[in-house]
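Chain by chain, the residues run as shown.
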Amino acid sequence: MRALKNSDTKLLRSEKKTFIAFLLLYAFFSVVILTFIAFLYYNFQKDLMLQKKREFLQNYSKTFIPKLKKLHRNFSKTHIYPTDKDIRTAIYDSDRVKIFSLLKVKPDLNKVLYRKNREIHFIKEPEEYYLGAKYIVFEIDDDGVWLKDFYKKIIFYGLPLFVLVIAVGYFLMRLFLKPMRDTLLLLDRFIKDTTHELNTPVSAILANIETIDRQNLSEKNIKKINRINIAAKTISNIYQDLTYLILNHKLQKEDEDVNISNLLKDRCEYFKEIAKSKKINFIFDIKNNIQIRIDKNRAVKLIDNLISNAIKYNKINGKIKITLKENFLSVKDSGIGIKNEKLDKIFDRYKRFNEISGGFGIGLNIVWMIAKEYNLNIEVDSKEGEYTEVRVSW
Amino acid sequence: MVKKILILFFGVFLILLSAKENIYQRNCVKCHKNQAVSLDKLFYRYLLKYSSEKRVKQALVSYLKTPSYFKTVMPKGYINRYGIKLPTRLSDKELKKAIDIYWNKYKVFGKLRVK
Chain A
1 MRALKNSDTK LLRSEKKTFI AFLLLYAFFS VVILTFIAFL YYNFQKDLML
51 QKKREFLQNY SKTFIPKLKK LHRNFSKTHI YPTDKDIRTA IYDSDRVKIF
101 SLLKVKPDLN KVLYRKNREI HFIKEPEEYY LGAKYIVFEI DDDGVWLKDF
151 YKKIIFYGLP LFVLVIAVGY FLMRLFLKPM RDTLLLLDRF IKDTTHELNT
201 PVSAILANIE TIDRQNLSEK NIKKINRINI AAKTISNIYQ DLTYLILNHK
251 LQKEDEDVNI SNLLKDRCEY FKEIAKSKKI NFIFDIKNNI QIRIDKNRAV
301 KLIDNLISNA IKYNKINGKI KITLKENFLS VKDSGIGIKN EKLDKIFDRY
351 KRFNEISGGF GIGLNIVWMI AKEYNLNIEV DSKEGEYTEV RVSW
Chain B
1 MVKKILILFF GVFLILLSAK ENIYQRNCVK CHKNQAVSLD KLFYRYLLKY
51 SSEKRVKQAL VSYLKTPSYF KTVMPKGYIN RYGIKLPTRL SDKELKKAID
101 IYWNKYKVFG KLRVK
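These protein sequences, in sequence, are chains A and B. Residue 394 is where the first sequence ends in the numbering used here, and the numbering goes up by one at each step. Residue 115 is where the second sequence ends in the numbering used here, and the numbering goes up by one at each step.
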């Protein structure tokens, strides 16, 4: 198994996901709260500005109403409406019908002081209805100085505040995740150390068996050595499978053009002794130089699991037919087979259909995971008591 | 022929118009022209108190049909001196016509302008 990525310094994938989800949620609520505060501040600033304008317009109304009164008294002589260059006015009767208006924006007579479409309206009800006017509306342009000031403050204070809130969220999240992260790292290190410790002696056994000079050994000892070889290979396979399942997300992946034909032959050679122990014969129909783009270790895992399953669930004196063509690989045993109704669960993890043969029920799950990773199709055909064929196509 | 018809129509129109104004002139202007407060001043008093066209007309109808000390827009001194007028003898329809003419004559709508 190749070296693992340096996971100690990087966040775990699940941790990263949680981290991002939390930060997004935190940022969202922070934005909502900050927007609400900004909205309150905006209204406060607007009210402050309106109060200043009210004072100004109130004072102006004190000069305007007498002019209206004068016009009312002299209406038979003059119809000239009093005006001002900065302040526009309008008069409405008690039924809210417009008598005369110089306004840019239609007023809302239910309010007293408000801002609408960049105009400020102040509505005054005179003591007497001069010219029938129950409502006198005063309108001035909003210069927008207060709004610019508001935006400036939002940018200068709001943005740093937002960054600060996010930073606090980030540190809080790290603080909350620390115990979980420490535990995960501890577990991670423990699994790595344990698997490493397991791999070293198994590799040593396998390497030493390969170097034994079998010519000087008696028939009896060769048999013993073969059994040791098979046992060690079985442990090695279990180790490889477990490592793949546990550390899959951290195993390095280097896709390359793999000659599946040669790889398949190598792996069959590897399993030769184990197959021999059950007197199983391989039948090959392998087309040479078939290549697919895949990570070599994953290809080995896929082939190993198909072959080891075919051996494990085969009969004594059984056969395994291995076919490799341009676009598919098929491993067919002459074993116990699987009931049709159970076929759809064959790739579930820890699912075993035969308690006698042992195993963890992870082999075909690994095959399924690798196939999914590389978009390969898997089909299983089986007849109980006769055969099981697994076909991987690409 | 066409000329005659046009003259006839114009004549009828003038007759109708004069008949309309006559209600107001005959029943309102006739008496008020000799009074201390002219009709326009009276109108602006109503406007000052009732503001809208609807309310002014309602107040006028109400006062003219059943004049009372409590309904008048004139000051106490004026009423003490000249008293309360008699109720109108006009029908509702005629009274409405007369008031409409009165409103249109003195209304503020459409008359105001800026310098």
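It cannot be assumed that every hint is accurate.
[Said to hold, decoys possible] As a list, the in silico BS3-like pairs of lysine-lysine whose alpha-carbon atoms are at most 30 angstroms apart:
#1 B/K33 <-> B/K85
#2 A/K104 <-> B/K65
#3 B/K85 <-> B/K115
#4 A/K192 <-> A/K148
#5 B/K115 <-> B/K71
#6 A/K70 <-> B/K115
#7 B/K49 <-> A/K106
#8 A/K67 <-> B/K76
#9 B/K33 <-> A/K111
#10 B/K85 <-> A/K104
#11 B/K107 <-> A/K98
[Claimed, not checked] Listed below are several chain B residues computed to face chain A (Cβ distance under 8 angstroms; list not exhaustive):
#12 V37
#13 K49
#14 R113
Don't read these hints as lab results, they were simulated from the structure. Even for Gly, the Cβ is constructed at its ideal location relative to N, Cα and C.
Hints versus structure:
Our distance criterion of 30 angstroms between C-alpha atoms is met by B/K33 and B/K85, whose separation comes to about 15 angstroms. Among the hinted pairs, A/K104 with B/K65 is inconsistent with the structure: their alpha-carbon atoms are about 43 angstroms apart, more than 30 angstroms. At roughly 41 angstroms between alpha-carbon atoms, B/K85 and B/K115 are farther apart than 30 angstroms, so this suggested pair is violated. A hinted pair counts as satisfied when its Cα atoms are at most 30 angstroms apart, and A/K192 with A/K148 does not qualify at roughly 60 angstroms.
The straight-line distance between the Cα atoms of B/K115 and B/K71 is roughly 38 angstroms, outside the 30 angstroms bound, and the hint therefore fails. Note on A/K70 and B/K115: the hinted pairing holds, with a Cα-Cα distance of about 16 angstroms set against a maximum of 30 angstroms. Taking the CA atoms of B/K49 and A/K106, the gap is near 25 angstroms; set against the 30 angstroms cutoff, the hint holds. Pair hint A/K67 plus B/K76 holds up; C-alpha atoms about 27 angstroms apart against a cutoff of 30 angstroms.
Taking the CA atoms of B/K33 and A/K111, the gap is near 44 angstroms; set against the 30 angstroms cutoff, the hint is violated. Distance check on the hinted pair: B/K85 and A/K104 sit about 46 angstroms apart at the alpha-carbon level, beyond 30 angstroms; violated. Taking the CA atoms of B/K107 and A/K98, the gap is near 13 angstroms; set against the 30 angstroms cutoff, the hint holds. Restraint check, B/V37 versus chain A: the minimum CB separation of about 13 angstroms is more than 8 angstroms; hint violated.
Interface hint at B/K49: satisfied, since its Cβ lies 7 angstroms from the closest Cβ of chain A, which is below the 8 angstroms cut-off. Here the hint on B/R113 is kept, as its CB sits about 6 angstroms from the closest CB of chain A, short of 8 angstroms.
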